[in-house]
Amino acid sequence: MTWKTAAALIGIAAVAGVAPAAAEGELHIFNWGNYTNPELIEKFERAHDVEVTVTDYDSNDTALAKVRQGGHGFDIVVPSASYVPIWIEEGLLLESRPDQMENFKNVAERWVDVPFDEGRRYTVPWQWGTTGVAVNTSVYDGDPNTSAIFLDPPDELKGKVNVVPEMSDVMFMAVFYVGGDHKCTDDREILRKARDKLMEAKQHWLSMDYGTTDKLASGDYPASVNWNGSTFRARLENPDVVYGYPKEGYPIWMDNVAVLADARNPENAKLFQNFIMDPENAALISAFAKYGNGIEGSQEFMPEEMKNAPELDIPDELQNSGHFSTTCPPEVNELHTAIWTELQQ
Amino acid sequence: MAETARRRRPFSIRRQPGFATVAALCFVILYLPITVLVVYSFNAGVSIAVWEGFSLRWYAHAWQNDAVQEASIRSLIIAASASVISTVVATMAALATTRTAPFRGATVVYAMINQPLMVPAIVTGVALLIVFSQIRVATGYYGLGYLIIAHTAFCIPFAYLPIRARLENMDLSLERAAADLYATPWLTFRRVTLPLMLPGIMAGAMLAFVISLDEVVITEFVKSSGQDTLPTYMLGQIRRAVSPEINAISTVFLAISVLIVTIFFFFSRRRP
Amino acid sequence: MAVARVHAPDAVENGASLRAAERVEVRRRWLMVSPALAILLFAALGPLVIMVVYSFLAPGPYGGVVWGFSTEAWFRVLYQRDIFDGTVSLADAHLSIFWRSVKLSLITTALALALGFPTAYFIATQPQRARGIWLFLVTIPFWTNLLIRTFAIQEVIRNEGLVNMLLIWTGVIATPIQMLYTDFAIMLGMLYVFLPLMVLPLYASMEKLDFRLVEAGYDLYANRFQVLRRIILPLVKPGIIAGSILVFIPSLGAYVTPRVLGGGKNLMIANLIELQFGQGRNWPLGAALSLTLLVIVTAALLVYVRVIARSGERLG
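Residue numbers (the numbering used here), protein chains in the order written: chain A, 1 to 345; chain B, 1 to 272; chain C, 1 to 316.
Next comes chain A alone, as it looks inside the complex:
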């Protein structure tokens, strides 16, 4: 008798579970891992009575692959600037016209008319930053401001460097390291040298994984290719961690919030885009992941420790080594992808 009632209960639970959620609206965000402030999400949920889910990815390529394969169910995605034109060209983004939204006036001047999304017809700034290297000074206390940390590791770091699997950043630094003068150079000699250098350096790498923030703090990664904000957070946990700006050349990037063309909740997605252009909310985003944001007026809401952090304040002598990471023309992109695929296997 008892197991029959149990079966009935299970049946009811099963049906109830498969039925749609009870919230007024839904929003499914696809964002980088450890990059979304839960407070921000809660604030948005309460303000608009929307149930939000956040799924994460570890690289631009993973995001693109996942969405491209179809049937993903996301509404919002946060690609880097160098990938946005690809997303637009593939027809994956909805032209949500953030430039017509209420909070658009808050977007900082320099981030309005950007080459990857002229006039901001698809995307809204999320955060921006630099990519460099993070080193645990108790393992190696030499100069961290060089790509040699992962491309020609010093003896103390051989077998101890992690490389984040983000193609555009790693290729950028590799191309500059072997003498290229811009990321999208189509000089095949330079690209061949970059490929050879990467393959040669790979034997000295510890791993090619993400999750760098916690692992740098815990000592699982004595060094890693990493983004500035993530290194900042690691340093807060472990003061031995230092961020290096590779003097050979390092990328400046921006991640942008876009609505997917096949989003099932486009209205809520647009509400979200508008929501994050508010200075206070933008500050919430930055406070969590410790990166700069593109919204004017958010400075006053940001936490104290971010004001003079070395990860956010590029030293004068290294200013010129930083270049904005742009989208490369298809042929160059194909070469990068081929090199990257060879490297990953």
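Fair warning: there could be bad hints in the mix.
FRET-style restraints, in silico, Cβ to Cβ [said to hold, decoys possible]: (1) B:259 with A:315: 53 to 63 Å; (2) A:48 with C:27: 55 to 65 Å; (3) A:102 with C:86: 36 to 46 Å; (4) C:84 with A:95: 37 to 47 Å; (5) B:24 with C:218: 17 to 27 Å; (6) C:233 with A:334: 51 to 61 Å; (7) B:35 with C:172: 31 to 41 Å; (8) A:338 with B:51: 47 to 57 Å; (9) B:12 with C:307: 49 to 59 Å; (10) C:216 with B:35: 15 to 25 Å; (11) C:96 with A:334: 22 to 32 Å; (12) C:216 with B:265: 31 to 41 Å; (13) A:152 with C:96: 20 to 30 Å; (14) C:99 with B:171: 18 to 28 Å.
Keep in mind that the hints were calculated from the coordinates and are not lab data.
Being a predicted model, the structure only gives us computed values, none of them experimental.
Using N, Cα and C, we set each Cβ at its ideal position, and we do this for glycine too.
Chain A is already provided as a structure; the job is to place chains B and C on it using the hints.
Same frame as chain A, but now just chains B and C:
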């Protein structure tokens, strides 16, 4: 021989030198990592290197974690549905394929039913990814159905085998006796066969339930947005974060598994 | 259901109606088995066929496929073309991944056997009542989630983990030994995860061991080692093979353990397959690699079935 002269205890034909030591080592190896995991789930501090005192804070943390709650409920729903459906379907299949003269295609059927056991999970996972993403785009359905049917499919052999074993060991004379007493086939089935099969069915259902609960590879590839099960959530956390909260969740999961195994063990001990 | 109904009448009529009854019976059985087959066809077998189709297509630019026949994927399984000068050579990366998978799986199986054999023997030679408890103790890790067990190993061998902390505390080393994210970590993880799978079939075989044969061996002046080698080992061979297959095959197709413990750099076959559906953006290649793995595993299984059948004949 010199051996027997040296030993003071009686010569045992069963003893082999060193085996007991290795066995002890084996048990230590099997239990040490899990014990460490459980112990550190009670660590008040964050770092696994430093023990800062006993605390339940990570359990509280995990309990309040929305993502964990959702993932757990989803896991339970999928496991319950998959186990019920696969057990029912496997029972029918077992009845159809046992205690009969081999009919044409019987071996093929048997191979098909057991196929999920022989195919690596990664292969099934990507195959389903390919098929389901097309169906998702075509039908616009994004629900749990894909996960449930995927789990049901690979649970079928796990439910089938215990039921079949039970069925094959059953005594036909009881059913013949029922027929002699003018019982209809359906009545015989309901009152005689089914109750006799029950231990096998229960074993199959429990096995299917646990297998579904634990499954991570196929689920990782089949799930769509926001459809984490507890194992896939944990996989993401393990790769990314370094927090004893994962230890806490693992310990709870562990406790549930041990509970089910213990029940199962006693269940199977009671029946001769 | 095989509840036979016997009627009385004459032979000819009986034959015809029995055949008809048989046909009805067979049809009923097919009907009963059809729901299981339908589910399996849809969510287990059918997709494999579709994957074969996909392995002969061309990859789309950002994932997905382009509907045109191409054998490029199968070519890429074993060969590669240099990006810059187009020279064709063996795909070193793939081959090293295949080799790593086979090598680590073999080592894991061997170590599992070395550890598991004495353990199973120990349990099998315990008095009847104690055996149940020992079995229970072996079964618990077996039922623990694979992910949890992999995580447990990670916690033990991390730079901040148990082993390193112990070694540093006792002064044996000054800085942590890097154990995580190496081939060693993967092998250790697989050994830990699959060890119970070796012990249980071995135990099942040893439980049936007739110790009178062992006693006979001793009576004939054999020493312990000879008894082990000449009597016990051949008798438990089915268990050894079953256990080995149960460890080797899942190790070959392992996904979770290398993903967590390998650090993304030490790939095994399953991770290579996953890569094609992610950053690798080559679904046809992923499909081809999956089918390759399936063929290898099926071959191993067939070998097992053969050996079991033959050894069964010899003993039977």
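**Study point:** Numbers of the earlier hints that this structure fails to satisfy, in rising order
**Key:** Hints 3, 7, 9, 10 and 14 contradicted; others consistent.
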